[in-house]
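A.B. asks: Chains as they are written, first to last, in our numbering: chain D, 392 to 715; chain V, 1060 to 1343.
Calculated from the structure, these hints are not laboratory results. Every value quoted in this text rests on a predicted model; they were computed, and no experiment measured them. Where is the CB? At the ideal position from N, CA and C, for every residue including glycine. Don't take each hint at face value.
Far from chain V, by Cβ distances over 10 Å, these chain D residues were calculated [to be verified]:
hint, residue
1, Leu-421
2, Ile-426
3, Ile-460
4, Val-493
5, Met-501
6, Phe-539
7, Thr-557
8, Gln-589
9, Leu-596
10, Gly-597
11, Met-598
12, Ile-607
13, Gln-611
14, Ile-625
15, Thr-696
Computed footprint of chain D on chain V; a stretch qualifies when at least three of its residues, placed anywhere within it, have a C-beta under 8 Å from a C-beta of chain D [to be verified]:
hint, stretch
16, 1186-1200
17, 1250-1258
Derived BS3-like pairs: lysine-lysine, alpha-carbon spacing no greater than 25 Å straight-line [to be verified]:
hint, chain 1, residue 1, chain 2, residue 2
18, D, Lys-602, V, Lys-1209
19, D, Lys-505, D, Lys-602
20, V, Lys-1341, D, Lys-602
If you want the building blocks of each chain, they are given just below.
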Amino acid sequence: MSETSAGRAPEDAAGPAAPAGPPGAPAATLPYEAIRAIPVRHYGRWAAAVVVVALLGALAYGFSQGKIIWNTVGTKLFDHTVVTGVWHTVLISVCAMAMGLVLGVLFAVMRLSKNPVTGAVAWAYIWFFRGTPVYVQLLMWFNLSLIFQTINLMPFYKNDTVAVMTPFVAALLGLGLNEGAYMAEIVRAGIQSVDPGQTEAAHALGMTGAKTMRRIVLPQAMRVIIPPTGNEFINMLKTSSLVSVVQYSELLRATSDIGISSNAIMEMYFVASVWYLVLTSVFSVGQFYLERRFARGSQRSLPQTPWQKVRTNLTTLRRPKVAR
Amino acid sequence: MSTPSLDKSSSPEPREPRPASGPAGSPSGGGVEPMVRAESVHKSFGAAHILKGIDLQVAPREVCCLIGPSGSGKSTFLRCINHLEQINAGRLWVDGVLIGYRQHGDKLYELRDREVAATRRDIGMVFQRFNLFPHMTALENVMEGPVQVKRESRAAARERAGALLERVGLADKAGSYPSQLSGGQQQRVAIARALAMEPKLMLFDEPTSALDPELVGDVLDVMRGLAEDGMTMIVVTHEMGFAREVGDSLVFMDDGVVVESGRPREVLADPQHERTRAFLSKVL
Ligand SMILES: Nc1ncnc2c1ncn2[C@@H]1O[C@H](COP(=O)(O)OP(=O)(O)O)[C@@H](O)[C@H]1O
Ligand SMILES: [Mg+2]
C-alpha cells in the first residue's frame, strides 16, 4: 500500500505544479526523455496538393469564361416558384419516407413472422416493388385511370380515379410503396441483428411477442437501421426529382420550367443543385444527432457532437499555452 | 426422511426453516402441491432427442441445484419450465398450473401468445449471459417488467426498482447502462430485474459461469440471501460449494435423464452412480 502511494507521489506532485512552472518546464515533468527523430518527409502530399490546386484553378477559369450569368443563379435562388418547389420536394420526400418507414416495419415483421401467409405477402410485395423501376411505378399510378375509371371501395368510398390520383397522390404512392420495399429489407436486417437472448429475456419477464418487438427489439434494431435509412432519405430527396413526370411541381420541375421560359437553363440547374446540396447537408446533420440518440447504452461514452469537438479542441489548444 | 411438503402444509408460518428436501424426484406423498412437478418430460429438437423422460419435484421454498456435463440438457430443461421451449411428451406443472398446454377433459390445447406470457410472469429467469436490455439503464431494466407487464405506475415501479437494486448492492449504479457495469454487477441487475416481477419460482442457468472468478462471490451472496428469504429456486451451477451449503437438493443429469438426486452433501460425498462419480471427479 505504502509502496503504491510512494510510486504515485512524484506524478501527483508534478501535476498541479506544471501550470505554475516556467515556460518550457513540462518536458522536465515527464519521467522520460522523449525521442527526437527526423520525421518522414511526405513529398507525395505536396505534389498532390500542387496538382489539385492547379486543376481547381483551371476549372474555375473555365466556368468564369463560360456563358453563365452567375447573377441569375443568385437572384433566382430565392425566387418564389423555386422556394415553393423546394418546399414540395421536402414535403413529398418526408411523406414518402414516412410511408416507406411504416410499410418497411410492417413488412419486415410480416416477413419474419411464423405465419406463412404474411410471410408470402411480404415477400411478394418486396419482389414487385423492388424489382421494377420507380419511374415505371410512378407512371403506372399516374395513369391508373386508363384501366379503372372509378375507385370503388364498396361500402366506404367511391370516386373518379382522375379526381383521386392527383400529382401528389401519384407521387406519394409511387415513391412511398417503392421505399417501403427497400425499408422492409433494412428493418429486417436490423431486427435480425438483435441478440436472440434479448427476446428470451423479454419473454421470460412475461412480455408478449408484440410488446417484445416494440419495447426491446426495435429500439435496439434502430442502431443498425438508422445509417442506411439516412442514406435512403438522402436518396429520396434526389429521387423525388423523378416525380416531375406525374406533373408534381417539385424543385427540379420548378427550376427547369423557369430555365426554359427565361432561357437560363444551366443557371437554373445550378440553382437546383445548390438547393439539393443544402437539403442533403441539413438532413445529414439531423442523422448524426439521431444516431447519437440511439447509441445510448451501446458505447461507454457517446460520440462528441461537432460543437463539443470544437469546444474540446479549443480547450486543448489553450492548455499548452498555459503549460508553456 | 419425511416429505418436505408435509411439514410445509401443516405450518403456515413462513419463518420456518426450509425443510431439508427428500430426494428430489421422489413422488411427494403429501397433499401440498410441489412448486415444480415434472413427469417424464421429453424434448426433441428435430431428430435430436435431448430430454429423455425427466421426473423431478421441487417443493416450495426449496433450493434445487442441477448439475451435469455440458450438453446434458440442463438449460433445455430450465427453458421448458417457463415455456421458452415446448415439451414434446410428459407433463410439467408449476404451482399446480400445467405449463405449455391447457387441458380440457383429456384433450390438450396449445396456448396463445398472451396465455404463455401470463404463465411466465410468475417465473423469474436469470441467464448465463445476463441478457440485460442494453438500451436501458439498470433502473429502467428493473422497472421494465412491472411497468410493461404488470401495468404498475412508473412512480411505484421506480421506487421498488430502487429498493431491489439496493438489495443486490447496486443502489449507486441505478443510472448506469449495462455496458458500463462489470459482469458481476450486470448479473445482479438481472437478478433484480427478475425479482421485480415478484416471482414464486426463480430459475438460474449457470449464473456465474460467464464471470471473472473474483466477481462470482457477490452474485452467489445475493442468491444465498434469496434462498434465506424462502424463494423457490432451481439453479444450474458448477459451484459445488454453493450447492453444498445453500442447496436443499442436488440433481445430477446426464444425457437427458436424471441419474441421481438427493441431499447435496450426501450426493457429493458418496455418489451412488458411476456416471455421477466420473463427473464429480472432473469438477471437484
Ligand atoms: N434450439 C436448439 N436446437 C437444436 N439443438 C439444441 C437447441 N438447444 C439445445 N440444443 C441441443 O441440446 C443439447 C443440450 O443442450 P443444453 O440444454 O444447452 O445443455 P446444457 O445446458 O446441459 O449444457 C445440446 O446438444 C444442444 O446442442
Ligand atoms: Mg447450459
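A.B. asks: With reference to the structure, classify each hint as holding or not holding.
C.D. replies: Results of checking the hints against the structure:
no. : hint                      : verdict
1   : Leu-421                   : holds, 32 Å
2   : Ile-426                   : holds, 36 Å
3   : Ile-460                   : holds, 54 Å
4   : Val-493                   : holds, 22 Å
5   : Met-501                   : holds, 16 Å
6   : Phe-539                   : holds, 39 Å
7   : Thr-557                   : holds, 41 Å
8   : Gln-589                   : violated, 6 Å
9   : Leu-596                   : violated, 4 Å
10  : Gly-597                   : violated, 4 Å
11  : Met-598                   : violated, 6 Å
12  : Ile-607                   : violated, 6 Å
13  : Gln-611                   : violated, 6 Å
14  : Ile-625                   : holds, 26 Å
15  : Thr-696                   : holds, 19 Å
16  : 1186-1200                 : holds (count 9)
17  : 1250-1258                 : holds (count 3)
18  : Lys-602/D with Lys-1209/V : holds, 13 Å
19  : Lys-505/D with Lys-602/D  : holds, 16 Å
20  : Lys-1341/V with Lys-602/D : violated, 44 Å
Hint compliance for this structure: hints 8, 9, 10, 11, 12, 13, 20 are not met, and every other hint is.
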